[in-house]
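Work the whole structure out from these sequences, hints included.
Taken in order, these protein sequences are the chains called A and B. Using the working numbering, the first residue of the first sequence is number 723, and each one after it goes up by one. Using the working numbering, the first residue of the second sequence is number 713, and each one after it goes up by one.
Source of the hints: derived by calculation from the structure; they are not laboratory data. Everything numeric in this text was worked out from a predicted model, so none of it was measured. A couple of the hints might just be wrong.
Unchecked claim - A few chain A positions that, by computed beta-carbon distances, are all more than 10 Å from chain B:
id, residue
1, THR762
2, THR773
3, TYR789
4, GLY953
As the list claims (entries may be wrong) - Label pairs and their computed distance ranges (CB to CB):
id, chain 1, residue 1, chain 2, residue 2, range
5, A, ALA960, B, ARG776, 18 to 28 Å
6, A, LEU813, B, ASN856, 38 to 48 Å
7, B, VAL882, A, ILE905, 51 to 61 Å
8, A, PHE924, B, GLY847, 45 to 55 Å
9, B, ARG776, A, PHE1006, 45 to 55 Å
Glycine included, each C-beta is placed from N, C-alpha and C at the ideal position.
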Amino acid sequence: MEKRVFFEHRLTPYLLVAAQLAITLIFFIWPAAQAFYQSTITQDAFGLSTTFVGLANFERLFSDSLYLHSIEITLVFSALVAASSLSIALLLAAMADRVIRGSSVYKTLLIWPYALAPAISGVLWLLLFNPTIGIIAYALRQVGYSWNNFLSGTDAMILIVAAATWKQVSYNFLFFLAGLQFIPRSLIEAAAIDGASPFKRFWTIVFPLLSPTTFFLVVVNLVYAFFDTFGLVHTTTAGGPAHATEILVYKVYRDGFVGLDVGGSAAQSVVLMAIVVLLTAIQFRYVERKVVY
Amino acid sequence: MVEHRPWLTFIAHAVLIFGAFILAFPLWVAFVASTQSAVSFNQIPMSLLPGGHFIENYSAVLTRGVASAGAVPVVTMLMNSLIMAMMIAVGKIAISLLSAYAIVYFRFPFRKTIFWLIFITLMLPVEVRILPTYGVVASLGMLNSYAGLSIPLIASATATFLFRQYFLTVPEELLEAARLDGAGPWRFFRDILIPLSRTNIAALFVILFIYGWNQYLWPLLVTTDPNYYTIVMGIQRMVTVADATPQWQLVMATVILALLPPVIVVVGMQRLFIRGLVEIEK
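Rendered as structure tokens:
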């Protein structure tokens, strides 16, 4: 869709886009191009000389067991966060769609965590799970599980999954609720008249009709778990213990800023860019087309 | 509701109340912790009822900060966060309005190219180009400054698309009428397009303010001077103290102060917030 009527000025449009374009080129395109360039070089220990090494950084990356481990950790983490926050949100949204009395109060009570930064959510859960003073750690001790997120990799992973999920439920809830309210009532009424129980109606009518929303949310949640959880990991586990929670965005920061491995970090950046491009492409290709039932 | 099933409605309420409780629980514990004295954390498990040190803890962090975190008063960090969030929200909206206007209402060479360049920024979050972006900002001398904190983040594909979508729905008769009356591009933009976009601007502002306030990695990279710490990233320095237990009552007081502004914005402007969220993601 294009406008049929427009202004004929020659210079004005360039002035209008100048600021956006300048920032895009200087802070987005140029650094991204540099990441590509840096991923093909190595520097000596003092950063004085650089050598072109082709794809050697990538070869090194993919033969590094720590990096492969990081990919695995990221996949586990993202899958757990997406699955748990989507199912909890769907349950809450289905219930909220049913109630009439107090629905706006419930909505308010369920959406506020969206406002929190992942780093803040991490600190809240860090206190709850603190091995000495945390309430949840205490409760777990009472039932015979000795919780320690500083020593056990599994415990640390559960901690970041819980914190990431807790924050994301609100977002998913809002979209599921909007999706549910979009489903024509007549369909559900027709099924009810035919004697389908609420449970059956949900799985055979409502859930399939929600698939565009669900699909969109899966992609958004994966992006969230992949890229937005840096602060959460940094404030809580710092990738530890023993790399057990070192997800990809944390590793690229650590290798680049703390390890000062320019080539390795740049190669990781390029891999991450490929992941974003892939996820964005999936989102645009399938969400635009809508899911066919 | 389709049919009358009281027990199902009862379950729905029960699940929602339980869900709201689970979501609120960490916040309650944080608030309780922020009102305790330092010694009360020796008691295990920690109390679930507020203690009597509310004023003491909050005034301590607000005015003096936490020693292990460089003793920046939380007031300073709140101000920094506010400035950064406002600059990002206003900046993103301003440059996106302008570029969407150019793309929709003008025909010029490279229009498509510029559109795609802006689109590409969607795929380049800070997280994936950390080191080189830091390099650019450092070489421009923008470390430890409000400009460095905000300007690199104000390019926005989503906001530009949102305004573009919206401008495309504005009736063409408006432009024809304005041109007949002799209005130039600036006049049409200022007197017609901006007032029409008011609701969209407000909705977007809510979302972008939260986005700016909650930035973490970027302030962590570009600030080394404690006077430029933002509150969300400043908390990290209070939690990870070498060889010591964090002072939980002060950390949690800071956490509550850090989360209050965005939560107030979301709850207080709920309608705008939901509208903004759904519009952006469409």
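Problem - Violated hints - listed by number, lowest first - result: Of the numbered hints given earlier, those the structure breaks are 4 and 7, listed in rising order.
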